[in-house]
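K.L.:
Chains as they are written, first to last, in this note's numbering: chain A, 1 to 302; chain B, 1 to 283.
Hints in this document: simulated from the structure, not taken from any laboratory. Note that the Cβ used here is the ideal one computed from N, Cα and C, for glycine as well. Incorrect hints may have been included.
Claimed, not checked - Stretch-level coverage of chain B by chain A, calculated; a stretch enters the list once three of its residues show a Cβ under 8 Å from a Cβ in chain A:
no.: 1; segment: 146-158
no.: 2; segment: 172-185
no.: 3; segment: 191-203
Said to hold, decoys possible - With a Cα cut of at most 27 Å, we get these calculated DSS-like pairs of lysine-lysine:
no.: 4; chain 1: B; residue 1: 183; chain 2: A; residue 2: 142
no.: 5; chain 1: B; residue 1: 53; chain 2: A; residue 2: 139
no.: 6; chain 1: B; residue 1: 53; chain 2: A; residue 2: 39
The primary structure of each chain is shown beneath.
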Amino acid sequence: MNSRIKVNSTELIAKYVFIVSAAIAIFAVASITVYMIAKGTPALKSVGAVDLLFGTSWKPTADSPSYGILYIILTSIVGTTASILIGVPIAVLTAVFLTEVASKRLAAIVQPAVELLAAIPSVIYGLLGLMLLNPFMFKLEKILFNDSETHQFTGGSNLLSAIIVLAIMILPTVVNVSVSSIKAVSFDLRAASLALGASKIQTIFKVTLPAAKSGILTGVVLGIGRALGEAMAINMVAGGSVNLPLPFSSVRFLTTQLVSEMGYAEGIHRQVLFTVGLVLYIFIMAVNIVLLKLRKEASAND
Amino acid sequence: MKNLVLKTVAVCVTALTLVVGMSGCGTANVTDNKAGDSKSGKITLAGSTSMEKLCEAMSESYMAANPSVTVTVEYTGSSAGIESLSQGSVDIGNASRGLKDGEKESGVVENIVAIDGIAVISNKSNTVSNLTKEQLVDIYTGKISNWKELGGNDESIVVIGREAGSGTRAAFEELLEIEDACKYAQELDSTGAVLAKTSSTPGSIGYVSLDAVDDSVISVSLDGVEASEENIKAGSYILSRPFVMATMGDISKQNDLVKSWFDYVKSDEGKEVISSVGLILPD
């Protein structure tokens with residue numbers, strides 16, 4: 001009888017510890033959401049939602065200031081999309097190579113290398129971009145725009161540099177998730193395909209990859225989240241002027257907008273920066289909702 | 001009866017002694033106060049937003065030395081600061097420019113506490129070592145885009161500046177009268193980043209506080225005048241401006257608190273604060 005009560009009370013304590021732990025996580029998410037909305041919406045009223053979100057002129061310190069962040073939003077969308085378009089094919093093919101093509105010994109070398117890529121701090125990517133990519137881009141810029149009267153030379157700090165850095169940064173995320181989802185594809189499927197006379201490459205692209213689709217998509221969405229939220233590395237290579245996102249233009253992302261101007265911003269300028277944060281937050285939330293749905297579908301398929 | 005008289009005298013003497021003693025103590029306290037230089041009260045400043053860094057650092061340091069004095073600074077803009085001063089709502093009006101004649105006529109006295117200097121820097125590969133004010137304006141507004149137009153190499157100009165909100169950017173644009181007309185190829189968020197980018201990018205031009213210039217870049221002369229403390233003090237270098245803490249009438253006519261503020265600003269500690277925020281000391 002005694003021991004039963006003791007067990008019950010242990011159970012009870014454990015239960016409350018779990019509840020409290022869960023509550024802290026929920027409280028954190030809820031309070032961040034409330035804070036971002038509370039801080040991010042006043043500027044929508046004082047500046048006007050349309051002028052702010054769809055304005056193209058960013059002059060926060062002028063005598064008659066304008067706070068249009070359309071180019072900044074577009075830069076984040078274009079930069080993220082392009083880095084996904086470049087990074088994902090490379091990442092998926094790497095995953096195929098690791099799981100289907102490479103010998104076990106080779107895979108044992110390449111896989112840890114890819115995982116190490118994920119551990120490198122983003123500022124290191126930025127530094128490499130600054131030292132290697134920007135000078136290269138500047139040379140390219142000089143060749144391409146040699147005769148241009150209108151092009152403003154940016155010294156190689158441009159959207160393209162940022163896209164390349166982002167594409168490399170999302171590689172490990174997409175590779176790792178893809179590898180595990182390809183590995184999870186049943187060997188029977190591959191065997192059946194090979195038995196029907198399909199070649200190894202046909203099997204990979206017609207059978208294995210389609211079967212691993214939802215896992216790979218999860219990796220892609222995680223990659224989008226990483227690219228959208230990255231600030232440090234692209235702040236170092238993107239130039240930082242607010243422009244339409246063209247490949248050789250100096251641009252500013254949602255994240256780098258916060259990083260570079262929060263220091264001295266005051267009044268409405270500061271409020272608008274919180275709105276920029278809110279826009280970023282909404283994007284990230286949307287990406288994560290998609291991610292949750294994908295995971296649900298994946299588990300429903302299993 | 002005799003007893004009563006004695007008693008009264010005794011009481012009176014005791015009381016007198018106490019009073020004298022206490023007042024003695026009081027006097028001693030006052031002297032102590034003076035010795036410890038601890039005043040109490042409030043000093044109010046208002047004005048230039050560009051002087052925020054200086055005022056924050058100075059008031060923090062002053063309040064650490066005089067714990068019972070509160071210094072409050074509002075950043076309303078130079079003209080608004082002088083306006084508040086002449087209306088008598090603040091003790092000191094901050095202006096990041098020389099006072100206008102109209103302001104001086106109303107009895108406001110210009111006390112220059114520091115000088116802000118900005119150097120124009122360029123990459124070492126650049127052969128143009130002097131620019132006129134017009135040329136600099138044209139470069140920053142995008143009218144000139146190649147060094148060859150200025151007699152240099154055939155190298156495109158990469159225009160580097162600071163982010164909106166930066167004091168250096170505000171001063172640079174204000175002094176050249178190109179507020180929000182600049183076409184920056186790169187907007188970087190620190191002095192160090194501007195230096196690093198300028199030194200690593202061929203054809204680049206940038207601007208930083210005078211004290212930040214180092215050997216990694218070329219310091220460009222303006223209108224034939226080199227950016228140096230001497231030239232700035234002499235008033236011949238265009239990219240400089242005085243930081244003024246204006247008072248109504250001379251400092252000597254101010255109350256003790258305001259006097260002690262200016263004493264502090266001109267003391268060695270005050271000078272250290274001025275240098276620490278990258279400003280030049282006036283003579």
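K.L.:
Each of the hints needs a verdict: does it hold here or not?
P.N.:
Quick rundown of the hints versus the structure:
Under the rule that three or more residues need a Cβ within less than 8 Å of chain A, the assignment of the segment 146-158 of chain B holds, with 3 such residues. Counting residues of the segment 172-185 of chain B whose CB lies closer than 8 Å to any CB of chain A gives 5, so the stated coverage by that chain holds, three being the minimum. Counting residues of the segment 191-203 of chain B whose C-beta lies closer than 8 Å to any C-beta of chain A gives 5; at least three are required, and the coverage claim holds. This hinted pair checks out: residue 183 of chain B and residue 142 of chain A have alpha carbons roughly 19 Å apart, not beyond 27 Å.
The straight-line distance between the Cα atoms of residue 53 of chain B and residue 139 of chain A is roughly 39 Å, outside the 27 Å bound, and the hint therefore fails. Distance hint between residue 53 of chain B and residue 39 of chain A is fulfilled; the C-alpha atoms sit about 25 Å from each other, no more than 27 Å.
Violated hints amount to a single one, hint 5; each of the other numbered hints is respected by the structure.
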